[in-house]
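J.: Those protein sequence lines, which keep their order, are chains W, E and Z.
1 is the number of the first residue of the first sequence in our numbering; add one for each residue after it.
342 is the number of the first residue of the second sequence in our numbering; add one for each residue after it.
762 is the number of the first residue of the third sequence in our numbering; add one for each residue after it.
For the record, the hints were derived by calculation from the structure and aren't laboratory data.
C-beta atoms are modelled at their ideal positions from N, C-alpha and C, and glycine is treated no differently.
Each hint should be verified, as a subset may be incorrect.
Listed next, the in silico BS3-like pairs over lysine-lysine satisfying Cα-Cα at most 30 Å (straight line) [said to hold, decoys possible]:
1) 272/W - 899/Z
2) 935/Z - 843/Z
3) 654/E - 904/Z
4) 773/Z - 654/E
5) 654/E - 889/Z
6) 272/W - 1013/Z
7) 904/Z - 272/W
8) 868/Z - 284/W
9) 899/Z - 297/W
10) 204/W - 1021/Z
11) 111/W - 130/W
12) 272/W - 889/Z
13) 272/W - 911/Z
14) 347/E - 899/Z
15) 654/E - 933/Z
Derived list of chain Z stretches under chain E, where covered just means 3 residues or more per stretch with a C-beta under 8 Å from a C-beta of chain E [as the list claims (entries may be wrong)]:
16) 794-807
17) 850-862
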Amino acid sequence: MNQVMLEVNDLTTKYITRYNEDIYAVDHVSLKVEEGKTLGIAGESGCGKSTLALSLMGYYFAPLYYTSGEIIIDGRNISGLDPDLVRKSILGTEISYIPQAAMNALNPTRKIINFIEDVYRAHDVYKSKKEVYDLACECLNILGLPVEVLQKYPVELSGGMKQRTVIAVSVILYPKILIADEPSSALDVTSQKMVIKMLKDLMKDGFIKSMIFITHELPLLYNVTDDIMVMYAGQIVEKASAKEAVFDPLHPYSKGLMGSIIVPESGLRDVKLVAIPGVPPNLKNPPPGCRFAPRCKYAVAECSLSVNLRNLEGGRAYRCIFSESELREYYMKEAEQNARK
Amino acid sequence: MKNTLKQVFHSGKFVVGFVIFSLIVLTVIIFPLIIKTDPLGIISQGSTQGSFLPPGIYVNVYDSIGVAPYTLMLDDAATKRIASKLSPDDRIAIKEWLVKAGIPENQIDTTDTKSLLDLWERNYDPKKQIPGMTFAKTRFYQRLNTSVQGVLSTEGVILATKNAQTGALEQTGTVKQTDYVNASEVPNVRLLLLGTDNFGRDVTAELVSATGTSLLIGIVAGLIATTIGLVLGLAAGYIGGVVDDVVMFFTNLLTVIPTIVILILISYSIGQEKRGPVVIAVVIGFTAWVWTARAVRAQVFSLRNRDHVSLSKLSGHPVWLIIFTDILPYIASYVIMALILQISTAILYEASLSILGLGPKTTVTATLGLMMNWAFFYMAPSLGKWWAYMPVIVVIALVSFSLNLMNTGLDQVYNPALRE
Amino acid sequence: MLENKEIILSAKGLTKVFGFGSTKTLAVDHVDLELYKGEVVSIVGESGSGKTTLSKMILGLISITEGELYFQGKLRDIRTNKKRQEYWKNIQAIFQDPFSSYNIFHKIDAVLLDCIRMRGGGKLPKEKKVELMEEACKFVNLKFAELTNKYPFELSGGQMQRIMIARIFLLKPKILLADEPTSMIDACSRATILDMLMQLRNDIGMTIIFITHDIGLAYFVSDKVFIMERGKFVESGSADAVILTPREPYTKRLISDVPKIYEEWDLSTV
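Please model the complete structure; the sequences and the hints are all you need to start from.
T.: Okay, structure coming up:
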């Protein structure tokens, strides 16, 4: 159960703007996802999590370019491979990606079954129409979707149904790892729940071996993932198990992020919401050293020198110059101050 | 504003279109200042089929005689002279006659002019009956014979004038075959770049004037159509309700009936007398606003529910202020694009009307469409007089093309998704 | 915290019908509500529930098909332009998308100057106007000197939403209608926005109506909650009562569909 499905080492990718500036949206990111586990990536808009998702597939569209680093899927290094090779043999079969608002990717003039036929054909898998139909039915049945969907056009389906259909199609070739980028953000609460349940079932039903889940909604991450990675300005600032990340965050940014969670649960009406002043830095000229320092209330002069990821036992890590005990002391003092108010 | 202008000229397509259009406009403005010809002045008298002088440099022969000649010894002068008198078809005709007259074919060499003409001179007999020769052909050979006389001679021509009192011819001078005059010394030389049309008017001058008139009609009609469309579209879109229903009623009415039909009917009923270029422009303008109104209305519909409009209302802004500051600027780019398209369409409409004979009065103005009308009516294409209609077609195409290019270029500016 | 038991806004049988004949849609279906001065209430509903239509009716931007709306005890009359202007001195709004709330062709100074004009300060000398604008910006933690002469696209989403709040600070209406004010703002800035709105409520006794689909936000920020489904209020009451002890099945489903972190989130009830 400990086989590593996805290993990313020091991945750096950049955008080249019209004015020929380099923006490193993903800056030396490393991560590992084991078989049977789900990794969550949290962060706010502009932190680079969607770019990371795109980069992990090995299929780059201008203006996004690969710079350096390795992406290893189940032992196979896919970084720097020919795009056609990537498209045919890796996308969909080894690693699959669901972009944000994926339901808009459905061609409104074709039926769902045609879409699925295209997927097979694009991967040089030649099956008869009947075979494809049977495979699709089987897949939908396992996932609890009605088979009638196959003969319908996208416009005849609701938003939630479309999203679930796209997710089903993205795993039809049994990829090893699935990357879902905000799979439920564009939906209403009930559809959201259905999508989340379906994603969790995918692993249980054996369609995928591991998953990366990206969202800015923290309660969702807590319920779906085993480990959480927090990104800020293109870098990873914290890695921890879901429980640790939400209830015992170390990095000041994570602490602020977790402190802004609002849930309709008892006792939470009188919680003081944390607000972090300022805005994320412009990635054209990121601040030297710790990128969060300009907004951090504990920042000192040394923070603008380079700051590396600190590794703790149990796979935990965070990027700060302060030690674990120093940070905990700060947080305790702060909690006391708040209690006194 | 400055930023927008910078972006606009950044678009390659717009710049190309703009340059072409500006060149056309500049030519229209500057040409009449330099070359002062009456565009409608008739300069050549024609036969019943129209004069249609081909393009070329026309040198006044009478004046060229009076100018002191220069002697030039050019090697190929003689060959050229003979070639112009004896075309290849003529040589074949001579050969045919000689063969029919009994000369063996191998003795006849059409390329050797001297021997050919020798044979002809010795054997040609106008009274000889050749079997199978029509009367017309006989006449042809008689004419050929006359024109061929003296082709090989190297003598010049004698000039003579009639003595006013005696009536006898008195020699005044000679013209040698080696005499050349410098065309710039001849007082009357006329460059007809595009020849003349059927009436005998200088096509070049006429074309420039016609382009100016057509552009004027296009711009006036375009402005009228866009203004009407804008006002009606704004009213229908923003006020809605009854106003919308009324405007839509008229729009639908005019959509169902093809514009060209309406134009024809109105133009015809106005009558030949009242049709001037401005009248035609107004007529076109008042019938072409439909599409603009529809498009503006649709845009306004989507704009009026926006948050900034709601906030304006909550801030107590009156309706006219909201339309001017919150709606109009947002559709301005679209309206400019519509204006450019309307100008282009109006010019084409005017051309269509004029080709049908329902355009402005023909003897007072020249328009591109009218020139086409005359050319086709006097059968220029079948007569091979390409200069009467080809240049007009090219100009119409260039105007439309440059305007549409500008339009596409602007499209790129206002819709970032289309930028390369 | 109720300042006093004065009812500032009440509605009886508010209804809105769109279209005619076969395309008739009932967007708002006989809604009753009562608002006390200084209260913070939330109207919670999913998309299509009619909450935006209801909010526009309360604001006076859409006509009321049926029913009555009372403002400060008197029937609301906005038939003439003048009466409408009077009404809008007392009720204002903040919208969801900070970007689309601005006219992109005007500098943001125009927005604030407009508010000064609405409050009757159109004839004030320039320095006094600038002073007022500086004060408003200070309230929302922005520096007027850094914002003046800027166009909306030069600012961030959070800054633009805060200027909207500065606008409310200048206008000081009695009722504020906030339509999803934080849904397009980063989580870190959300607290700031909510804090500022609460501050306004505390300073001038402003009544706030939140329109939202986020039941967590409704619970956190409001005294009273109204749950709206398909144009009707299906449940209403204090925030604790509605959210911790819901009675209606729709409310129960709505709450169970939201991911929780302290309690178990039951996914089997899909």
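J.: All the hints need checking, so say for each whether the structure fits it.
T.: Status of the hints after comparison with the structure:
Straight-line distance between C-alpha atoms of residue 272/W and residue 899/Z comes to about 22 Å, which keeps the hinted pair within the 30 Å bound. Only pairs whose Cα atoms come within 30 Å are accepted, and residue 935/Z paired with residue 843/Z is accepted, the gap being roughly 18 Å. Pair hint residue 654/E plus residue 904/Z holds up; C-alpha atoms about 27 Å apart against a cutoff of 30 Å. Proposed proximity of residue 773/Z and residue 654/E is supported: the alpha carbons are some 25 Å apart, at most 30 Å.
Of the pairs offered as hints, the one joining residue 654/E and residue 889/Z holds, with about 26 Å between alpha carbons and a cut-off of 30 Å not exceeded. Only pairs whose Cα atoms come within 30 Å are accepted, and residue 272/W paired with residue 1013/Z is accepted, the gap being roughly 26 Å. Between the alpha carbons of residue 904/Z and residue 272/W the distance comes to roughly 25 Å, so the proposed pair stays at or under 30 Å and holds. Proposed proximity of residue 868/Z and residue 284/W is supported: the alpha carbons are some 26 Å apart, at most 30 Å.
With a CA separation close to 21 Å, the supplied pair residue 899/Z and residue 297/W stays within the 30 Å bound. This hinted pair checks out: residue 204/W and residue 1021/Z have alpha carbons roughly 22 Å apart, not beyond 30 Å. With a C-alpha separation of about 15 Å, the suggested pairing of residue 111/W with residue 130/W holds against the 30 Å cut-off. For the hint pairing residue 272/W with residue 889/Z, the CA-to-CA distance comes to about 36 Å; that exceeds 30 Å, so the pair is violated.
In summary, the hint linking residue 272/W to residue 911/Z is not supported, as the alpha carbons are separated by about 33 Å, beyond the 30 Å threshold. Taking the CA atoms of residue 347/E and residue 899/Z, the gap is about 37 Å. The hint is violated against a cut of 30 Å. The hinted pair formed by residue 654/E and residue 933/Z meets the criterion: a straight-line CA distance of about 17 Å does not exceed 30 Å. Counting residues of the segment 794-807 of chain Z whose CB falls under 8 Å from any CB of chain E gives 0; the rule of at least 3 is not met.
With 7 residues carrying a beta carbon less than 8 Å from a beta carbon of chain E, the segment 850-862 of chain Z meets the three-residue requirement, and the given coverage holds.
The structure fails hints 12, 13, 14 and 16 (numbered hints given earlier, in ascending order).
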